[in-house]
Amino acid sequence: MLPVPKPVEASALEADAAGREMFELIEALYPICRSITGDGVRQTLRLLAERFPLMIHEVPTGTQVLDWTVPKEWNIRDAYVKDSRGNRVVDFRKSNLHVVSYSVPIRRRVPIEELREHLHTLPEHPDWIPYRTSYYTENWGFCLNYTQYLALREKEYDVLIDSSLAEGRLTYGELLLAGETTDEVLISCHVCHPSLCNDNLSGIAVAALLAEHLGRTRRRYSYRFLFVPGTIGALTWLSAHEAELHKIKHGLVLANLGDRGPFTYKKSRRGNAEVDRAMAHVLRHCGEDYHVAEFSPYGYDERQYCSPGFDLPVGCFMRTPEQTRPEYHTSADDLTFIRPERLAASLENCKSLVAIFEQNAAYLNTHPKGEPQLGRRGIYRKLGGPDLETGNLALLWMLSFSDGRSSVLDIAERSGLPFRTVQTAATTLLEHGLLTQLAES
Amino acid sequence: MLPVPKPVEASALEADAAGREMFELIEALYPICRSITGDGVRQTLRLLAERFPLMIHEVPTGTQVLDWTVPKEWNIRDAYVKDSRGNRVVDFRKSNLHVVSYSVPIRRRVPIEELREHLHTLPEHPDWIPYRTSYYTENWGFCLNYTQYLALREKEYDVLIDSSLAEGRLTYGELLLAGETTDEVLISCHVCHPSLCNDNLSGIAVAALLAEHLGRTRRRYSYRFLFVPGTIGALTWLSAHEAELHKIKHGLVLANLGDRGPFTYKKSRRGNAEVDRAMAHVLRHCGEDYHVAEFSPYGYDERQYCSPGFDLPVGCFMRTPEQTRPEYHTSADDLTFIRPERLAASLENCKSLVAIFEQNAAYLNTHPKGEPQLGRRGIYRKLGGPDLETGNLALLWMLSFSDGRSSVLDIAERSGLPFRTVQTAATTLLEHGLLTQLAES
Amino acid sequence: MLPVPKPVEASALEADAAGREMFELIEALYPICRSITGDGVRQTLRLLAERFPLMIHEVPTGTQVLDWTVPKEWNIRDAYVKDSRGNRVVDFRKSNLHVVSYSVPIRRRVPIEELREHLHTLPEHPDWIPYRTSYYTENWGFCLNYTQYLALREKEYDVLIDSSLAEGRLTYGELLLAGETTDEVLISCHVCHPSLCNDNLSGIAVAALLAEHLGRTRRRYSYRFLFVPGTIGALTWLSAHEAELHKIKHGLVLANLGDRGPFTYKKSRRGNAEVDRAMAHVLRHCGEDYHVAEFSPYGYDERQYCSPGFDLPVGCFMRTPEQTRPEYHTSADDLTFIRPERLAASLENCKSLVAIFEQNAAYLNTHPKGEPQLGRRGIYRKLGGPDLETGNLALLWMLSFSDGRSSVLDIAERSGLPFRTVQTAATTLLEHGLLTQLAES
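Chains A, B and C, in that order, give the protein sequences. Take any residue in the first sequence, count from 1 to its spot, add 6: that is its number in the working numbering. Take any residue in the second sequence, count from 1 to its spot, add 6: that is its number in the working numbering. Take any residue in the third sequence, count from 1 to its spot, add 6: that is its number in the working numbering.
Looking at chain A on its own, in the form it has when it is part of the complex (with noise of 0.2 Å):
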């Protein structure tokens, strides 16, 4: 058995400047326009193999994953509607998100009747530009918001679409982090979005600063992160890893991790994995308000990690969850929609679930027989006063229970003590040969 590593504690300072360095990375992804496929998600990829040994795998169109087949690439350089007067009335270099993304090329004039069909707007948000996809069903189309719809009045319009879709490849990033261990944690989030920040960007954001923390630290267990495009890019991973799977011991996938909302973690199908407790109780102890709810099968690629075929034990860490704003898949998903110590607080609550993952061990009471003489061995601070220390109550709960069922998170969630002060009271009573650690399961 390893040694178990200490807590890496970040500091308000770290914090404040992780969250700046958060915000500066989605500044720079924003005005890329990504998709499933093509060359927005390789420029995003290849930003963030500057910051780390991200691997970049290609996948060619056809290629059978599961019960689907990887799409053709689709590629985009200009996109507008004109009026007859040559105004862009619709202009896709002000907005990738102005073109359904896998839209169709598109040459020619089109009757103001034909071009409705094609439209899409919010009307009752006038000001915002809806985000669509048609993926799979080959098709063109054009959102606006709805002001500029009301503004068409003209009987023909000259369209533009310089797309193609065509046999390519679907691209997507992996960073593996070696470990003490072959045991994995899967960490994963979606680069299909345009410019979205708080949908893809912010989870891509906490996963790379997440990816570079743990590159500094000792590892028990191996890191897995996926930067993958949603659906189609984690049925590719996972038809190519199956055999490999049964190493994923904890997962995650991070979204929408930006805004102002509170936290909300998602639990895996399974309900009770180390990490639906272990996240549970990461949030309890955060000091913000937050929600634990419970699995369901529509969301992010968890969807696709917890089919009942693989039943991975993987959450989802959100603040506020996609579809409970109106902001979701909109214009104003924007750089002002997120906050830099958001992202912060989201990054912390990270760091302290994977140190639950790396600490956590269920240990043996050497004298289980009574309390052993803890003031002997000068580890149990009696104060003057009646109150007892949170310290000492942790070396109390750790004796008591220390029976080989329980684990330092069990014991943390019976007493109601962060998991630190617990494992900070079991390294001290490890130290005195007062706990043995059992051999793992």
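Possibly wrong hints are sitting among the right ones.
As the list makes no split between identical chains, a pair holds if one copy fits it or if it spans any two.
[Claimed, not checked] With a straight-line cut-off of 25 Å between C-alpha atoms, the simulated DSS-like cross-links for lysine-lysine are:
| # | residue 1 | residue 2 |
| --- | --- | --- |
| 1 | K375 | K253 |
| 2 | K255 | K375 |
| 3 | K78 | K375 |
In short, the hints are calculated from the structure, not lab data. Note that the coordinates shown come from a computational prediction; the quantities given were computed from them, not determined experimentally.
Model the placement of chains B and C on the given structure of chain A, informed by the hints.
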């Protein structure tokens, strides 16, 4: 395995018609003077036998049924208390509640002091006549409203009870609707109360229309309806059918289903039988207030069906439970106390329950690794906006949890979606080969 | 199987008398200067031995008890702090709390700066003297009220502690009331605190009267009462009786039972022992406010009895828990802090608990198919009105759940009826042959 029948939806119009029909049946049954034996029961069952092929059983006085003995048969023709001027101050012809059920015959002048010992009133409700019985102790008595009681100022009264208590028979009705299997659903109601609408006639009426509904429907289960005198009738039937009770997979006692109160479902003694979970599910989605109560060993004939030597999975479905409203066992439980639309809604819930029994099954996802591509198969409607349609959600829930351990009802409970929605999704997925049905356990 | 003894009901008068008797016992014990060893404990136990045949055990200094060693014996005759005019400004003769328990002897003039390091006060309660100990670190000290402390203005003081700390013995008391079986109930209280009423004397008094009550009663169980110095006394007893601990079926630590607060029951470490369920039941029906707390590894000697190597089913019964009231471990825990009627109600709950231990059993319904006809046997009183009498309900509950899996306590919990009511129903049904007792498991 047989194909699962489709659910039968009752339209609002049908429900209206059913409510009126039940009310009319109750109006026809209301005047009859029922008791646990005698012509009142016979007349009641004969009226039902005009509607469906009811078997009418007669069991002789003295027959041993479990720990009990079938009592003498009781019949009554007339009864009164007459004053010195010959006025019937208490008159059986005005209400059959005026005579204590099972009163022995009497015809003599009775001093007021003696008479008072045989009079029952409700001072807290001075206009109501209480309902009293003396089945297993030979006695006589009158029930009257308190206002009548206070007006009794003469020294003696002429008393007549023209009844007979003699060797005879106990009568009960039974209807078996054979299904595709010999597994049975038991529906039971009591038929032993005189002019009381909610307490006994509402249960009879709902049972009758449920029987007629099932008679028109394809049935996986066989349905056995019992119209029995309370306690002694249920014991008589149980005593005669001990060897066949194993066929009963689900059961329901019906009572008090026409009043204005919220629904009450009292669980079987097992507490986790399928009927318990299914009825709780039906009520959760019925749109009215409801209460699910734990089993208790008093109430209606679920006392007998759930006695520990039988322990059948039989719950009790009511609106306001007996004993919790003042009208219980009084003349105020009359035709004004019940309403057609209340009866209709009670019947609808019974139909929904039966639909669950008929259709519930466990399936296996044939593509359990990752989500199958529903869009390609044309069974996943991705709408324009951010909202996933309920039907789409149900597809995902079915796929995610059809791992061989969960039935449609399990998945409906977990998802919070109505059984019918999830069942419809199951049918769609079956048709596309994405589910297979498990062999029944 | 032995017949079950009948419950002993204490009338209100008896409770009054018991309350006064406990208070008088506490008045007699209050002046004695107890510590974990020494003549104070001996004198306390001798007073108890006048009431019942208490065995007094003495264990030599230096004896190894589990991880601990029996310490030197401490005794004290006098102590003071004297000013320059010879006034005792702190005087042990006024309160034995003035000296830190286990203070080593000292007799010399001490500069005020040095003296202050040995003084303990409670600035937030300036009229109270704190209670402090230094059992396992040799030191000396005085406790005084903060007003006294502020008045210390001289440059030096004459200090005397006329104590002895030397080889000797640890003393504890033990009373075994043999019952019809060798299965034991353990009742334990601590006897090591000086003039503190609620914290130690109330527990001693309740234990003493419970012992006297049980001494007069037929007993299925044997009862072992321990009057032990906290921690070291319990460890000493446990160390000497390891081979016999399997006899202990239930146990209770008594402390803080005289104050005005609501009842608190702290569960055993097992959390679902019979004592845990039984005490929760007693409190649910006791008519006072109460709180049932989960086990925690600090508190009184349940810490030792429940340590993981023993894990005995021992809970702790209190009113206000230690440490949650300011009077804890101060001179304010005096004779005005406790009340006879509070002690009496605490004793009553102990008696009710013991009645459950004595009488609880599982029975088998001999007529499990349908309900047996109770009316025929004259044991079911059907009242005129609609209300089922509680005693009748208890008969039905016993019959319905006496299926070999449920004890009287189980049925009392499920029904919401008090144990005594259900137990009375069980006795009635046994007498009529409707129940048989199961062989004990």
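Evaluated hints:
no. : hint           : result
1   : K375 with K253 : between (38 Å within a copy, 17 Å between copies)
2   : K255 with K375 : between (35 Å within a copy, 18 Å between copies)
3   : K78 with K375  : between (68 Å within a copy, 23 Å between copies)
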